[in-house]
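> Chain residues, written in single-letter form:
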Amino acid sequence: MNIDQVVEAALLCSDEAIPVAELVRLFEGEIDRRGIEDIIARLCSKWEHSGLELVEVSSGWRFRTRPAMKQYLDRLNEKKAPRYSRAALETLAIIAYRQPVTRGDIEEIRGVSVSPQILKMFEARNWIESVGHRDVPGRPALYATTAKFLDDLNLKSLSQLPPLLESESILG
Amino acid sequence: MNIDQVVEAALLCSDEAIPVAELVRLFEGEIDRRGIEDIIARLCSKWEHSGLELVEVSSGWRFRTRPAMKQYLDRLNEKKAPRYSRAALETLAIIAYRQPVTRGDIEEIRGVSVSPQILKMFEARNWIESVGHRDVPGRPALYATTAKFLDDLNLKSLSQLPPLLESESILG
Amino acid sequence: MIVARVHGEAIQDLPQDLYIPPEALEIVLETFEGPLDLLLYLIRKHNLDILDISMAELTRQYMAYIEAAKARHELAAEYLLMAALLVEIKSRMLLPKHAEIEDEVDPRAELVRRLLEYEKMKQAALRLDGMEQAERDFLIPCVDLDWIEMPELPSVISDDLKQAWMGLVARAKLTDPHRVGREELSIREHMTGILKKLQGRDFIEFEECFDLGSGLAVMIVTFLALLELVRESLVSISQADFFGSIYVKANHEY
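Quick note, the sequences are listed as chains A, B and C, same order. Take the first sequence: its letter number 107 is residue 107 in the working numbering, and every next letter is one higher. Take the second sequence: its letter number 68 is residue 68 in the working numbering, and every next letter is one higher. Take the third sequence: its letter number 128 is residue 128 in the working numbering, and every next letter is one higher.
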C-alpha cells in the first residue's frame, strides 16, 4: 500500500477538509508533517489535469470539483421543477386579481379554508405582503402582491396580468 | 474537458451509485451507453492500483475504498462503525434470505421475540423496508431488503448473497 | 461460593448429575439467541444427530440447563414454552405406533424442521457479518460539489394565475361574474398602493394618494381606487373645515 494512495483515499472520502496535523495520524506518526506535505504536493500535481483539484482551505486540505465541471454535473442533479398546489395557485390568483383581500375573502371565493402555510409561503418568498387591516372584528390582515411578485413574473404592473373578461364565456 | 474526467468527477462526488443510464445524461445523450461503458472500463483500469476501486453494485457504478485502506482510514475517525449484535444479524439474515417476511415470521424462525428497535435500526439505515402487508388479522408489514442494502454490501443482486448451508453439512 | 439460590436455598456446588459441563454454565444466557439456539448448542455439544434426536436425552439436558439458568436469570417465556414442547414430543414418542396409520408423522419432525431452518439463518447471519460492509469495511468517496445549491422555488407564469382563477370561476359557477378587466385590475393595484402609503401612518393627505405627473388616466384610476377603498370601508376620508385639507385615514386606526 502506497502512502500517497492512503492520503488520497482519506481526502476523497472525507466530507470535511483535513489538516496536515490530522493526516499525520494516518501513519501513526511514522510520517511527519514534512512527509505529508510532500505527499500532498505529489497529489496536487497528479490531479492537476482532472475534474477535481486538491485545495487548501482554512481548515485543511480537501478535494473539490473544478468549476468547469458544474455544467456537466448539474445535468445529473436536475430535479423535477417544483410546482405549487392548486390551492396555492388559486390563493395567489385571488390575491393578485382581487387585492387587497383578507384570508376570509380568499376563503369565501374558494369556498374552503385557506391554510396559513400557503400565505406564509408566499410571504416568505416576498410575493405577498400585508398592507393593512380591515376594520372588522378580528382586524384581519389585507394581503396584496409585492413588486417582487411582478418582477418574478416578468410583469411591469398588475395590469399586465392576463385579462379575465373571457370568464363570461366560461359561465355561458 | 476530457469525457473520462467528467464521469470520474461525477462518480467521486456522488454518495450513491450511479447507473449507466444516468451517466449518459452527463453528456446530454451525445455519448451512448456503449460509450459510457467504455469510459467506465478505462476508469476501472486507471484506478486499478490505488486506494479506491470502481465497482458495480445493484444501483449502478460507484467508487469505494479498497478494504485494505480501512485500517488507515480508521485512524482518522475515532468512531468505529458499529458491529451488529447476533440478534440483529439473524434478523437481517432472515429478511435477506426469506423476504418478504413479517415480524411474526422472523420470530417463528428465531424462536424468540424480535425487538422493534432492531427493525427500526435497519429501516433507519435504509437496509430494509416494508413492501406491503400480509392479508391476515393485524395486517402485519412485510419486510424486504433495499437496493442500498445490496450497495452497502457491494452486491449486484440478492443472488450474490452467500449460499445457504445445506442441511447435511450441519449434521457433520 | 454460592452458585445459585433455588427456593431460597443457597447451592454451593453445581449439581453433579448435570450433563452440561460447568464451563457451559459460565456462558450467560444472553449468549443464546433463544431456545432454538440453546437446543442447537446442546445437540452440537453432545454430537446428537439432528435428524434422529434422542428426545429423552435432549429434554433432560435442556431441563437441567434451564433449571440452573433459572436460578440465575429471569428466564424468558420462550425457554419455558420450549421446555413444554420438548416434554410433549417426548411423551408422544412413548405412545405405541399405530401400524395401520401409514402417514403418521414423527412428532420430532416439526422441531427438526425449525432447528434446521434456524441453523441455516444463524449461519447466514455469520456469513453476512463476514461480508464487506460500507462504513465498517470500506468508505464511499464523496467529494464536495464546490458550489452552493440554491433551493429551487416553483416558477409561476401569469397564465398559471389566470388558469387558477378561471378554474375557481368555473368551479364556483358564479352567477355574478367578476368582471376583472384591465381597468378594474389597475384600480385594485392602486388600492394596494394607497394602503401601502398608509402603512405605519395614521393618515395621509388626499393629495398624497396621487402620483402627480402620471397622467390624467392614472389620476382617475387612483381616484376610483380611493372611492373603492371607502366603499369597502378600508379607509375613510375626512375634511375638518370647508376648503381645508382632506385626509385619508386607514380604518384600522382607532
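Worth double-checking, as some hints may not be accurate.
Here are the in silico distance ranges between beta carbons for each label pair [to be verified]:
id: 1; chain 1: A; residue 1: Ser85; chain 2: B; residue 2: Ser113; range: 42 to 48 Å
id: 2; chain 1: B; residue 1: Glu30; chain 2: C; residue 2: Arg113; range: 30 to 36 Å
id: 3; chain 1: C; residue 1: Val230; chain 2: A; residue 2: Arg139; range: 51 to 57 Å
id: 4; chain 1: A; residue 1: Arg25; chain 2: B; residue 2: Gln117; range: 29 to 35 Å
id: 5; chain 1: C; residue 1: Arg127; chain 2: B; residue 2: Lys80; range: 49 to 55 Å
id: 6; chain 1: A; residue 1: Ser59; chain 2: C; residue 2: Gly213; range: 55 to 61 Å
id: 7; chain 1: A; residue 1: Arg125; chain 2: C; residue 2: Phe223; range: 30 to 36 Å
id: 8; chain 1: C; residue 1: Ala76; chain 2: B; residue 2: Lys120; range: 36 to 42 Å
id: 9; chain 1: A; residue 1: Ser115; chain 2: B; residue 2: Ser113; range: 25 to 31 Å
id: 10; chain 1: B; residue 1: Arg139; chain 2: A; residue 2: Lys156; range: 56 to 62 Å
Quick caveat, the hints were computed from the structure, so don't treat them as lab data. All C-beta atoms, glycine included, are put in the ideal place defined by N, C-alpha and C.
> Do Ser85 of chain A and Ser113 of chain B keep their Cβ atoms within the hinted range of 42 to 48 Å?
holds (44 Å)
> Range first: 56 to 62 Å. Now tell me if the beta carbons of Arg139 of chain B and Lys156 of chain A are that far apart.
The hinted range 56 to 62 Å holds for Arg139 of chain B and Lys156 of chain A, with Cβ atoms some 58 Å apart.
> Does the Cβ-Cβ separation between Ser59 of chain A and Gly213 of chain C fall within 55 to 61 Å?
holds (58 Å)
> Taking the beta carbons of Arg25 of chain A and Gln117 of chain B, is their distance inside 29 to 35 Å?
Since Arg25 of chain A and Gln117 of chain B have Cβ atoms about 34 Å apart, the given range 29 to 35 Å holds.
> Do Val230 of chain C and Arg139 of chain A keep their Cβ atoms within the hinted range of 51 to 57 Å?
Given about 18 Å between the Cβ atoms, the range is violated.
> Measuring from beta carbon to beta carbon, are Ser115 of chain A and Ser113 of chain B in 25 to 31 Å?
violated (43 Å)
> Do the Cβ positions of Arg125 of chain A and Phe223 of chain C conform to the proposed distance bound of 30 to 36 Å?
holds (32 Å)
> Between Ala76 of chain C and Lys120 of chain B, does the C-beta distance stay in 36 to 42 Å?
violated (21 Å)
> For the hint 49 to 55 Å, verify it against the beta carbon of Arg127 of chain C and that of Lys80 of chain B.
violated (21 Å)
> Evaluate the given range 30 to 36 Å for the C-beta pair formed by Glu30 of chain B and Arg113 of chain C.
violated (59 Å)
In the structure shown, a violation is registered for the earlier hints numbered 2, 3, 5, 8, 9, in ascending order.
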